[in-house]
Amino acid sequence: MFVEAAHYRSTSDLVYENAYYFNVDGLERHMKAFIERFEKQAPFISACISLKLSSVDGHQQAERVACTREDTLAMISSMPTRETSRGQSLLKIGDLDLGKVQWIVSNRVGMPWYEHMSLNPYLFFLFALCQLGVFWYVHRYYEMRRDRQIAALREIPASPGETISDVRLRNIQKIISKNKRGFVLNKDFLYATYKHPYATLHFTNGTKQNIRCSMAELENSFSDQYLKISRACVINTEIIGEYSQIKLGRSDKDHVLMIDVKGETTRQEIGAVYFASLKDKLMKVSSNKAKIEPDNNSEQVDE
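Position one of the sequence shown corresponds to residue 2 (the numbering used here), numbered consecutively onward.
Fair warning: there could be bad hints in the mix.
[Claimed, not checked] Once the Cα atoms are required to be at most 16 Å apart in a straight line, the calculated EDC-like pairs of lysine to aspartate or glutamate come out as:
#1 Lys101 x Glu18
#2 Lys280 x Asp253
#3 Lys33 x Glu64
#4 Lys41 x Glu71
#5 Lys248 x Asp261
#6 Lys53 x Glu29
#7 Lys282 x Glu220
#8 Lys282 x Glu239
#9 Lys280 x Asp255
#10 Lys93 x Asp14
#11 Lys33 x Asp72
#12 Lys53 x Asp98
#13 Lys53 x Glu64
#14 Lys280 x Glu243
#15 Lys263 x Glu243
#16 Lys53 x Asp26
#17 Lys196 x Glu270
#18 Lys41 x Asp72
#19 Lys254 x Glu270
#20 Lys280 x Glu239
#21 Lys101 x Glu64
#22 Lys101 x Glu29
Derived from the structure by calculation, the hints contain no laboratory data.
Could you put together the complete structure from these sequences and hints?
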């Protein structure tokens, strides 16, 4: 049973995690604890576990050995009156060879250990079952915690007709609004202009902030209310109407969006291919309908 238990332990996630991060001390403690527990339950056994470990980059190596009582690898291997069993487990993660764990165990020949020690043989099996029970409990604990986290996500209240994406977006917007210093986009975002490689975000309070982001990323990655009006400008159609008006030119190429924030007016050209979708979008936001006025010497277009 020592061989099976050693193989089971050496292939556990804990061992692989410590091996990957080259946690030699952690693995050594793990080896000694395993040997000590086994020694208490089966004092008739002479056993050693050895570790050869290499770091991910191959620049560091380490070797450790843990044995029962005063035993050594050489002593157990050279005892003629004992039968020995050996085994090893390679510590490989994909193509990474992180080393190996080896073990050797010896029992006295001709005398069952439970007769020699006057122990009940079922105690050993009980110990193994307890080990499995601990592993099962830990596994179930993490499974239940994961299930609770998933259930918490599913319990987010949704309004009739809302999809999961809508709910997630609504909650993301709440997080953003509460962390304005960490999230550059929030409910006060008005429009953005682009000059490679930065997008300048303009807010209703007159502040500005630069981020590395393209206009396409702004328009497509967030809410549908973000609309591109030119190759260098994206607006928030939900609130832009309160701060702007459209000035119509002689042709589709001459339309501009006049944006007034804190008394400062800026002109943003409206691309000909974007004008129709811009006008349609603004008309749908009834509470924030933008003014559309003809420019000088141009005809007014009916809404």
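Results of checking the hints against the structure:
1. The straight-line distance between the Cα atoms of Lys101 and Glu18 is roughly 14 Å, inside the 16 Å bound, and the hint therefore holds.
2. Of the pairs offered as hints, the one joining Lys280 and Asp253 holds, with about 12 Å between alpha carbons and a cut-off of 16 Å not exceeded.
3. The suggested pairing of Lys33 with Glu64 holds, with an alpha-carbon distance near 14 Å, which does not exceed 16 Å.
4. For the hint linking Lys41 to Glu71, the alpha-carbon distance of about 14 Å falls within 16 Å, and the restraint holds.
5. Distance check on the hinted pair: Lys248 and Asp261 sit about 13 Å apart at the alpha-carbon level, within 16 Å; holds.
6. For the given pair, Lys53 sits about 11 Å from Glu29 by alpha-carbon distance, which is consistent with the 16 Å threshold.
7. Between Lys282 and Glu220 the CA atoms are separated by roughly 14 Å; this keeps the pair inside 16 Å, and the hint holds.
8. A distance of roughly 9 Å separates the Cα atoms of Lys282 and Glu239; the hinted pair therefore holds under the 16 Å criterion.
9. Proposed proximity of Lys280 and Asp255 is supported: the alpha carbons are some 15 Å apart, at most 16 Å.
10. For the proposed pair Lys93 and Asp14, the alpha carbon gap of about 12 Å is at most 16 Å, so the pair holds.
11. Distance restraint check for Lys33 and Asp72: the Cα-Cα separation of roughly 13 Å lies within the 16 Å cut-off, and the hinted pair is therefore satisfied.
12. A hinted pair counts as satisfied when its Cα atoms are at most 16 Å apart, and Lys53 with Asp98 qualifies at roughly 11 Å.
13. Taken as a hint, the Lys53 and Glu64 pair is honoured in the structure, with Cα atoms around 5 Å apart against an allowance of 16 Å.
14. About 15 Å separates the Cα atoms of Lys280 and Glu243, which keeps this hinted pair within 16 Å; it holds.
15. About 12 Å separates the Cα atoms of Lys263 and Glu243, which keeps this hinted pair within 16 Å; it holds.
16. Restraint check for Lys53 and Asp26: the C-alpha separation of about 13 Å stays at or below 16 Å, so the hint holds.
17. Pair hint Lys196 plus Glu270 holds up; C-alpha atoms about 15 Å apart against a cutoff of 16 Å.
18. For the proposed pair Lys41 and Asp72, the alpha carbon gap of about 15 Å is at most 16 Å, so the pair holds.
19. Among the hinted pairs, Lys254 with Glu270 is consistent with the structure: their alpha-carbon atoms are about 8 Å apart, no more than 16 Å.
20. Between Lys280 and Glu239 the alpha-carbon distance is near 13 Å, which keeps this suggested pair within the 16 Å criterion.
21. Note on Lys101 and Glu64: the hinted pairing holds, with a Cα-Cα distance of about 10 Å set against a maximum of 16 Å.
22. For the hint pairing Lys101 with Glu29, the CA-to-CA distance comes to about 13 Å; that is within 16 Å, so the pair holds.
In summary, the structure agrees with every hint in the numbered list given earlier.
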